[in-house]
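**Q** Chain residues, written in single-letter form:
There are 2 protein chains.
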Amino acid sequence: MLNFEYRNPVKILFGKGQISKIGKEIPADARILMTYGGGSIKRNGVYDQVRSALAGRSFAEFGGIEPNPRYETLMKAVEIVRAEKIDFLLAVGGGSVLDGTKFIAAAAPFQGDPWDIVLKKAPVTSAVPLGTVLTLPATGSEMNNCAVISHAARQEKLPFASDLVYPQFSVLDPETTFSLPPRQISNGIVDAFVHVMEQYLTFPADAPLQDRLAEAILLTLIEEGPKTLAEPRNYEARANFMWCATMALNGLIGQGVPQDWATHMIGHEITALCGLDHGQTLAIVLPALLEVQRERKKAKLLQYAERVWGITSGTEEERMAEAIRRTREFFERVGVPTRLSAYGVAPAAVCSIPERLERRGWVALGESGEVTPAVVNRVLAVAA
Amino acid sequence: MLNFEYRNPVKILFGKGQISKIGKEIPADARILMTYGGGSIKRNGVYDQVRSALAGRSFAEFGGIEPNPRYETLMKAVEIVRAEKIDFLLAVGGGSVLDGTKFIAAAAPFQGDPWDIVLKKAPVTSAVPLGTVLTLPATGSEMNNCAVISHAARQEKLPFASDLVYPQFSVLDPETTFSLPPRQISNGIVDAFVHVMEQYLTFPADAPLQDRLAEAILLTLIEEGPKTLAEPRNYEARANFMWCATMALNGLIGQGVPQDWATHMIGHEITALCGLDHGQTLAIVLPALLEVQRERKKAKLLQYAERVWGITSGTEEERMAEAIRRTREFFERVGVPTRLSAYGVAPAAVCSIPERLERRGWVALGESGEVTPAVVNRVLAVAA
Numbered sequence: 015m016l017n018f019e020y021r022n023p024v025k026i027l028f029g030k031g032q033i034s035k036i037g038k039e040i041p042a043d044a045r046i047l048m049t050y051g052g053g054s055i056k057r058n059g060v061y062d063q064v065r066s067a068l069a070g071r072s073f074a075e076f077g078g079i080e081p082n083p084r085y086e087t088l089m090k091a092v093e094i095v096r097a098e099k100i101d102f103l104l105a106v107g108g109g110s111v112l113d114g115t116k117f118i119a120a121a122a123p124f125q126g127d128p129w130d131i132v133l134k135k136a137p138v139t140s141a142v143p144l145g146t147v148l149t150l151p152a153t154g155s156e157m158n159n160c161a162v163i164s165h166a167a168r169q170e171k172l173p174f175a176s177d178l179v180y181p182q183f184s185v186l187d188p189e190t191t192f193s194l195p196p197r198q199i200s201n202g203i204v205d206a207f208v209h210v211m212e213q214y215l216t217f218p219a220d221a222p223l224q225d226r227l228a229e230a231i232l233l234t235l236i237e238e239g240p241k242t243l244a245e246p247r248n249y250e251a252r253a254n255f256m257w258c259a260t261m262a263l264n265g266l267i268g269q270g271v272p273q274d275w276a277t278h279m280i281g282h283e284i285t286a287l288c289g290l291d292h293g294q295t296l297a298i299v300l301p302a303l304l305e306v307q308r309e310r311k312k313a314k315l316l317q318y319a320e321r322v323w324g325i326t327s328g329t330e331e332e333r334m335a336e337a338i339r340r341t342r343e344f345f346e347r348v349g350v351p352t353r354l355s356a357y358g359v360a361p362a363a364v365c366s367i368p369e370r371l372e373r374r375g376w377v378a379l380g381e382s383g384e385v386t387p388a389v390v391n392r393v394l395a396v397a398a
Numbered sequence: 015m016l017n018f019e020y021r022n023p024v025k026i027l028f029g030k031g032q033i034s035k036i037g038k039e040i041p042a043d044a045r046i047l048m049t050y051g052g053g054s055i056k057r058n059g060v061y062d063q064v065r066s067a068l069a070g071r072s073f074a075e076f077g078g079i080e081p082n083p084r085y086e087t088l089m090k091a092v093e094i095v096r097a098e099k100i101d102f103l104l105a106v107g108g109g110s111v112l113d114g115t116k117f118i119a120a121a122a123p124f125q126g127d128p129w130d131i132v133l134k135k136a137p138v139t140s141a142v143p144l145g146t147v148l149t150l151p152a153t154g155s156e157m158n159n160c161a162v163i164s165h166a167a168r169q170e171k172l173p174f175a176s177d178l179v180y181p182q183f184s185v186l187d188p189e190t191t192f193s194l195p196p197r198q199i200s201n202g203i204v205d206a207f208v209h210v211m212e213q214y215l216t217f218p219a220d221a222p223l224q225d226r227l228a229e230a231i232l233l234t235l236i237e238e239g240p241k242t243l244a245e246p247r248n249y250e251a252r253a254n255f256m257w258c259a260t261m262a263l264n265g266l267i268g269q270g271v272p273q274d275w276a277t278h279m280i281g282h283e284i285t286a287l288c289g290l291d292h293g294q295t296l297a298i299v300l301p302a303l304l305e306v307q308r309e310r311k312k313a314k315l316l317q318y319a320e321r322v323w324g325i326t327s328g329t330e331e332e333r334m335a336e337a338i339r340r341t342r343e344f345f346e347r348v349g350v351p352t353r354l355s356a357y358g359v360a361p362a363a364v365c366s367i368p369e370r371l372e373r374r375g376w377v378a379l380g381e382s383g384e385v386t387p388a389v390v391n392r393v394l395a396v397a398a
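First to last, the sequence lines map onto chains H and P.
The opening position of the first sequence corresponds to residue 15 in this note's numbering, with each subsequent residue numbered one higher.
The opening position of the second sequence corresponds to residue 15 in this note's numbering, with each subsequent residue numbered one higher.
Rather than coming from a laboratory, the hints here were simulated on the basis of the structure.
Heads up, a few of these hints could be off.
The list makes no distinction among identical chains, and a pair is therefore deemed to hold if it is satisfied within one copy or across any two copies.
Dumping the calculated DMTMM-like pairs for lysine to aspartate or glutamate here, alpha-carbon to alpha-carbon at most 25 Å [unchecked claim]:
#, residue 1, residue 2
1, K25, E39
2, K312, E250
3, K38, D177
4, K25, D220
5, K241, D220
6, K35, E189
7, K134, E245
8, K30, E19
9, K30, D220
Sequences are here, hints too, so could you generate the full structure?
**A** Next comes the structure, spelled out in structure tokens:
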């Protein structure tokens, strides 16, 4: 096991009716800005629940944070935070609203060009405290210190992280997700699954507990994912999926083990260039990456084949191939195609990705820096 | 899944050499009291590592915290904290030192009789901040808000909990445990195993992720426990056991599911009356409790039989019996006998336990309050 430092201070309020408690979690004299997305929270009752939980308190609002939240949009909220002396942000929505709000929190007190937080990883030394009401299980943003921000004008999509943007609290009420379109649930299942894989499917590090915790989440996603898609109002299935998505990226399962975030990094480029949903890009990249890297990942791929998919017969090559096939088939089964061509994306549309990564200095992705631009090229060819 | 609220703010510093970082974790102007037990830390080098990490800073010391830490001993430390205006406690040792230090932290600023914190669950409204250097994997105290305190004069052993006694940080360096006597490792394996069972072996709550997280820890303890006993200086085995013990009782796996702490409550009584090690009492009580409660726990016992022990053939009765037998055999295999008689404890020595529980108002232990004093009587008979 590798050495690690771990601290996750987020308070989780999980279950039916928990939105009613947020009033107690926000300082009584806070000047609150509530952030949200396209307005679905006004149709599904979440907005009213939040208003009622904050009865008697005034708060400003900022709606319109889009999927793959844009710097340009978020800076409008930063202006409000600065002008109105906002000192608490309440993000109500999915991963994009939460990620965008983390950026607003860090950007508002930032001296200089806030895009540097993302592009140059400029240190965040202060941030406006935030809380969240999560309405879309997928990204894990509700219990971590990361966010991914897009810059439309520059066609960029990049992550940043700071312990100062951990939410003070996050409400996870599965009922708030009942009205989500199936496509968002499908994407969320894939996103959570791939988060686990990126902390698990590397090389053995003599960390059997971390391995089994990861497998626990994968097995539960395989069991509960299709169920929650088929039965959107099944509270238990939705609750189990929701908790899986949070546990997939709250940092815990990745402690003391190597990690490989190449799938996300390549996926972000596809979204930046072609506008595909985040989950779609992951479903495309992961099986292709496993295929190309299967020799390097052999030991863990064989373990994954056996423990997650119950594959115990055949040669090592056959078992690895079958595990990758089952992974691809699972993504397809939950409604997310796994080929670029299925989305009408031609190879030419993504051929600049290796060069884009290189220009950024990212010439060594993967758990051992072995995913070079040439490897990315092969991954994209397999993903075509 | 049941509703839950979860927040665990402890910072974990895991691995070789991490003691050197504690200086940065303790406020520069803190008046520190370092607490420890019987002095083994002076023989195994941990004391010197702590001194060197705090080089240039002065700190007071309080040694002699015994296994099953006693109110009488701890109150001497409370006097020092009050007299010397100590504002940071650094606990260096195993679960007893950590638990004792949590009590010192809560008792020092307490108005009134501090034993009320334990006996009457008097609310803790203030506590001295504390950090820990763990040298014995077992209790999970390094990453939770609980402690168990004994009162020698009153022959009592009772738990208390407060969010104010979460450690600010805990260092887990597996190398500090290399010199532990095998008996302490044996007890630690049983303690961690039983902590998981008490959050898992109840009734199904449609919480498949929590179930699998619990099974992940059990399977890893079964694999790594005997290995770390046989090879005390095998870093990886010790590291894996250490992380299992922390994860077994940091609150995470028990979120959203029923719990049954009857084994611990009965075990504490046996220690209070007969002085047996904590781990020994758990190895005695758990198999007997599962035996007596097997019909109520049937669904989970069958799941445990299959997923943890691979038992898939036989009638339900046979599979449950075999799972209990394998549990008992595992405890024996790691060196902890599972019968009162093996420790020379006669039935008469523990026959007052049901009445003691009743006197305290604890007439309904177990996940559904079904462990009445009469049931405790039957458990003790099976455990004889």
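**Q** Each hint should be assessed against the structure and marked as holding or not.
**A** Now for the hints, and whether the structure bears them out:
Taking the shortest Cα distances, K25 and E39 sit within 25 Å of each other both inside one copy (9 Å) and across copies (22 Å). When the C-alpha separation of K312 and E250 is checked against a cutoff of 25 Å, the pair qualifies only between copies, where the shortest distance is 21 Å, while the shortest distance within a copy is 36 Å. For the identical chains of this complex, K38 and D177 are neighbours both inside a copy (23 Å) and across copies (17 Å), given an alpha-carbon limit of 25 Å. With identical chains, the CA atoms of K25 and D220 are at most 25 Å apart between copies only, with a shortest distance of 23 Å across copies and 31 Å within one.
For the homomeric pair K241 and D220, the shortest alpha-carbon distance between copies (13 Å) is at most 25 Å, but the shortest distance inside one copy (34 Å) is not. For a Cα distance limit of 25 Å, the shortest separation of K35 from E189 inside one copy, 15 Å, qualifies, whereas the shortest one across copies, 44 Å, does not. For a Cα distance limit of 25 Å, the shortest separation of K134 from E245 qualifies neither inside one copy, at 44 Å, nor across copies, at 47 Å. Taking the shortest Cα distances, K30 and E19 sit within 25 Å of each other only across copies (12 Å), while inside one copy they are farther apart (33 Å).
Taking identical chains as interchangeable, the C-alpha atoms of K30 and D220 lie at most 25 Å apart only when they sit on different chains, with a minimum of 15 Å there against 39 Å within one chain.
Of the numbered hints stated above, the single one contradicted by the structure is hint 7.
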